[in-house]
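S.K.: Heads up: the sequence lines are chains A and B, in that order.
Going by the working numbering, the first residue of the first sequence is number 1, and it counts up by one from there.
Going by the working numbering, the first residue of the second sequence is number 1, and it counts up by one from there.
Keep in mind that the hints were calculated from the coordinates and are not lab data.
Backbone N, C-alpha and C fix where the C-beta goes; we use that ideal spot for every residue, glycine too.
There's no promise every hint is true.
Rough simulated footprint, nothing fancy, chain A against chain B, three-plus residues with beta-carbon under 8 Å [stated by the list, open to error]:
{"hint": "1", "segment": "152-161"}
{"hint": "2", "segment": "168-177"}
The calculated label-pair distances, taken between Cβ atoms and stated as ranges, are [to be verified]:
{"hint": "3", "chain 1": "A", "residue 1": "PRO61", "chain 2": "B", "residue 2": "LEU64", "range": "50 to 58 Å"}
{"hint": "4", "chain 1": "B", "residue 1": "PRO218", "chain 2": "A", "residue 2": "GLY187", "range": "49 to 57 Å"}
{"hint": "5", "chain 1": "B", "residue 1": "ALA571", "chain 2": "A", "residue 2": "PRO448", "range": "39 to 47 Å"}
{"hint": "6", "chain 1": "A", "residue 1": "ASN492", "chain 2": "B", "residue 2": "ASN207", "range": "30 to 38 Å"}
If you want the building blocks of each chain, they are given just below.
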Amino acid sequence: MLLSSLIFLPLLFVVLVAIAPSWLAKPITLVSTIMHFLFSLMLFKHFDPNTAALQLVEKSPWLKELGVSYFIGVDGISFWLIILTTFLTPVVVAASWSTINKQVKAFHISVLVLEAAMIGSFVAFDTILFYVFFELSLIPMYFIVGIWGGENRIYATMKFFIYTMVGSLLMLAGIIYLIFQCDVQLGELSASVLDFYRLDLTFVGGTFMSPQNILFFVFCLAFAIKVPMFPFHTWLPDAHVQAPTGGSMILAGVMLKMGTYGFLRFVLPMFPEAVAVWTPLFMGLGVVGIIYGALVAMVQVDMKKLVAYSSVSHMGYVILGLFTMNLYGLQGSLFQMLAHGISTGALFMLVGVIYERTHSRKIADYGGLAKALPIYAICFLIVTFSSIAVPMTNGFVGEFLILFGTWQAAPVYAGFAVLGVILGAAYMLWMVKKVFFGEDGEVIKKYPSMPDMNLRELLTMAPLIVLIFWMGLFPGVFLKYSNKSMENLVQNKEEYRIKLQSFRTTELPEIGDRREF
Amino acid sequence: MFYALLFAPLIGFFINGVRFRSKNAQVAGAIACTAMAVSFVSAVGFFFKLKGLPVDERALQFLLFDWIKVGDFSAPMAFTIDPLSMVMTLIITGVGFLIHLFSVGYMSHDERPAKYFSYLNLFVFNMLLLVLGSNLLVMFVGWEGVGLCSYLLIGFWFTDPAKAAAGMKAFITNRIGDAGFLLGIFTLFGLTSTVSFAEVNSYFLNNPNMLSTAWGAPVTLACLFLFIGAMGKSAQIPLYVWLPDAMAGPTPVSALIHAATMVTAGVYMIIRLNPVFLAAPNAMMVIAFIGALTALMAASIGLVQNDIKKVLAYSTVSQLGYMFLAVGVGAFGAALAHLMTHAFFKALMFLGSGSVIHAMHEEQDMRKMGGLRKLMPVTHFTFLMGWLAIIGAPGFSGFFSKDEILWMSFHSPRGSIVLWVIGAVAALLTAFYMTRLMAMTFWGRSRVPENVHPHESPLSMTIPLMVLAFLSVFAGFLCIPHGISTILPGHPHNFLDEWIHPLMASFEMPHGPNDLAIEFTLMGLTLLGILASVLLARYLYITKPEAADSAAKKYSAAHKLLLNKYWVDEAYFKGLINPIIRISRTLWVRVDVKIIDKCTYAVSDMVKNAGGGLKMVQSGNLQVYGLYILIGLVFSVWFLL
Chain A
1 MLLSSLIFLP LLFVVLVAIA PSWLAKPITL VSTIMHFLFS LMLFKHFDPN TAALQLVEKS
61 PWLKELGVSY FIGVDGISFW LIILTTFLTP VVVAASWSTI NKQVKAFHIS VLVLEAAMIG
121 SFVAFDTILF YVFFELSLIP MYFIVGIWGG ENRIYATMKF FIYTMVGSLL MLAGIIYLIF
181 QCDVQLGELS ASVLDFYRLD LTFVGGTFMS PQNILFFVFC LAFAIKVPMF PFHTWLPDAH
241 VQAPTGGSMI LAGVMLKMGT YGFLRFVLPM FPEAVAVWTP LFMGLGVVGI IYGALVAMVQ
301 VDMKKLVAYS SVSHMGYVIL GLFTMNLYGL QGSLFQMLAH GISTGALFML VGVIYERTHS
361 RKIADYGGLA KALPIYAICF LIVTFSSIAV PMTNGFVGEF LILFGTWQAA PVYAGFAVLG
421 VILGAAYMLW MVKKVFFGED GEVIKKYPSM PDMNLRELLT MAPLIVLIFW MGLFPGVFLK
481 YSNKSMENLV QNKEEYRIKL QSFRTTELPE IGDRREF
Chain B
1 MFYALLFAPL IGFFINGVRF RSKNAQVAGA IACTAMAVSF VSAVGFFFKL KGLPVDERAL
61 QFLLFDWIKV GDFSAPMAFT IDPLSMVMTL IITGVGFLIH LFSVGYMSHD ERPAKYFSYL
121 NLFVFNMLLL VLGSNLLVMF VGWEGVGLCS YLLIGFWFTD PAKAAAGMKA FITNRIGDAG
181 FLLGIFTLFG LTSTVSFAEV NSYFLNNPNM LSTAWGAPVT LACLFLFIGA MGKSAQIPLY
241 VWLPDAMAGP TPVSALIHAA TMVTAGVYMI IRLNPVFLAA PNAMMVIAFI GALTALMAAS
301 IGLVQNDIKK VLAYSTVSQL GYMFLAVGVG AFGAALAHLM THAFFKALMF LGSGSVIHAM
361 HEEQDMRKMG GLRKLMPVTH FTFLMGWLAI IGAPGFSGFF SKDEILWMSF HSPRGSIVLW
421 VIGAVAALLT AFYMTRLMAM TFWGRSRVPE NVHPHESPLS MTIPLMVLAF LSVFAGFLCI
481 PHGISTILPG HPHNFLDEWI HPLMASFEMP HGPNDLAIEF TLMGLTLLGI LASVLLARYL
541 YITKPEAADS AAKKYSAAHK LLLNKYWVDE AYFKGLINPI IRISRTLWVR VDVKIIDKCT
601 YAVSDMVKNA GGGLKMVQSG NLQVYGLYIL IGLVFSVWFL L
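Between the sequences and the hints, there should be enough to build the whole structure, so can you do that?
M.R.: Below, the structure is given as structure tokens:
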């Protein structure tokens, strides 16, 4: 029941927040999300990293007629993403402490629902269930941007919502098709991912219209928008700029990973022939994303937009690594997802910290901040170095492994992707120089006695900084948990299967034999 | 003991880092110097330990923990103390300690001395990672780490936008090199399936058939990629542009990072991987020529600069060029010798210039100096030793190392007369600009403004100068070239060559009957040229200062070209940086906003208009929307089925 509790505990907290007086909403949410995080650490006790099997499985029928079930579990691919979610949520609540002052209850309810939905989509092994969680996560985010966002929030939130909605609707069509395929090929309707892996989807080389090919693109579109991959990235800068600090943190920290997770869970294992054929396209788009995001980030005037475009660049690395389909690239990609979650979350938080004080995100308004706010400057520099992948920080390990894997798979792409290493340093350090160094900027003249980071902000920042170095120094701890699952994916590209390890259900004594279903 | 060697500077960094607000330079300096002293003493201890071991067992391994391990790729946090890394460690901690000591006086009036010393200690820690790392990845950690500290220290006085910009320029230029370094690691792993130095080297030693003269061969590419990394870190053409700007940092930083240690990392890396580079003659040729050209070009710019630190900076670029010339022709021992002697005399001269700048109240323009010999006798005398060492006066350290490089560039099977000529001309230019520097700063008549009263620096600053002066004079006796040794009484050994010999791939230099005669003829020619250069500079800048101006006017085109450093910075801006920024703007404004977003709107408009005929899209009725979704779904499913 561990995974179910992980999904549904936040919903229980929602009830608490709803009935409590609104001045208690913040502390209740903070305490409960921290408890939830600690609770999620139970996974370490129950999860066995030495197998690629699906663990802590819970399965019970839901819509029997359609083969849909409540089927959840965890494997090496989703393990860290769950922890990332439970870890970032309290950080987000703490970071939003002083920025959210209207409809406090509603905000925290949205955050909690969002957490439940995100965890749900990482543990769901039934595609319909996954789809429900995947879409459910849009709704609280829609409100977070739309209610607590900046001036153009309605435009941004609509753009975000419609963009992602369009992508995932097509995917739903694909899922339904696959459910019926299960009936045709396996003799029974099923929405289980594990059954989808067993389907033999016709792939005809040379034509676009073969089923596997179409399904590949339908799924890719949904996830590519979510990641976001070039050229589907234009919703991201708008959403980030308008979102409140906490919203940006969740969006960049976890929600984008739902896209890359989708590639790992569905696209790569389900459509092997199509993946093999279209790998150059996706690696190419990954590289374009890296360079394009970095170049555009370089000319931004708004700090948040710069960070948003840097996300496009960093997620380009993840896509590149995924499509190498070798262990280095895949492990690097997963690590990069976590690292990006931490460091970009931290960057958005830091931008929020200064925005609260000056109400400006324009880079040109700043200058000389390092002198006025030395502690803030130190934090910002550390996070910057993590973002530009300086060794011993978390950014390096992922980027290195991805480039390394890419070089093994297709050196040309690595040759271009490595430009991101240079451009990344260029845009980040350019911003640091403009904001922190040089003569005092306008905002300092306007607010000469700005306070440096306060205790709450420091305490919120501290775990992120600890993780930046921890992940950078001891990546083995993190890579260990995903190793077996990734090996399984690399070694069984053509015939990907996930075994079930333990199966806790009252209804079905026989493990894994779906014919009794 | 190893932990003391490696981590003492890191601990110093943490202590001073926590108390970064402290304004007390003495306390901060004492902490930092203690850390360095601990490190240096341990290094000396290791030296004797190593010396006591049999020659083929001189490699101490230290494993801290497994760092990155994925599949067949493994990069442990592991370190090796062997003769080569030992030499570097001694230079880093020894010279580093002296420079820390010098900084106490130099930074005594600064607002943030604790911060300064913490960065300086962090730099030393990273530099030790770089040289002690037993695989390419640990070296890369240090490689980027020193770049990071260099960035922080160049921009130490960050309120000046120019200084902050110089730091950024250094980091980004270095990043270009680092990208090449990464590709080099990948290529080398592709060949040998390992990143450990010992394994990579033994792979090449055991597979002589790896030698390839093809340009496209993986080994050639690997070496060229790694050399791109070296170009960035060690300021070679075309990536040298950051080093002159790096002089924006405090002067002891220039001495430690931008003269003695960090900038030599590229040379060290190539010496460390000498069996690999020997297997790629084409890459070595490229290295030799780029080194020689850098030596010449930087020396020529140095001829006309008026900022004392800029002269020294270009001189450093030029001397680094010599080191690459040496490794390029396979004279790894000579390269290391020059690396060592240069670390002494260039650190000495940078600190000396720091002493001058400090005395002149932060004035760096040599046109406002002159005649300081009498006012600053210790600084002048020690600087004089550095001057004699760098121009290669016989008996001084630079003479031994530079002469060996010039001889090897001619004599080595990978060398050529062209390389020798370039190197010799650069040596003449070196003698000229260094004499000019001495003349404008210390000799002749004083041009010091009246409100400035230069005075000799305190002992904490002059003691390091004296120690370094001693080393600049006598260090050459550790690396006496074979030719010179034959005419010396007792035929002393080349200690340095023998010390690192076990790590060098065999690369036999040919022996001819007339070698000695040729060597001494060439040496004589260079020495005569150097003497002439010195006398010419003396004439132009002391005897007849007007002559220098009229010469500058007479050859104004050439003078302007040199004064503006061949307009390389401007060319980079015009040809590279500005176009990139223009392209980026276009991508943003045209592609993102105009094309992609317009397409999105077009698609959404299409959907809207399709329903617009029915005017139901705007109805706001949820059920209707739901219906649409359902219809769309059914349609898509039908289509797919």
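S.K.: Would you mind marking each hint as holding or not holding in the structure?
M.R.: To see whether the hints hold, each was checked on the structure:
1. 152-161: holds (count 5)
2. 168-177: holds (count 5)
3. A:PRO61 <-> B:LEU64: 50 to 58 Å: holds, 53 Å
4. B:PRO218 <-> A:GLY187: 49 to 57 Å: holds, 52 Å
5. B:ALA571 <-> A:PRO448: 39 to 47 Å: holds, 42 Å
6. A:ASN492 <-> B:ASN207: 30 to 38 Å: holds, 35 Å
Comparing the model with each numbered hint stated earlier shows that all of them hold.
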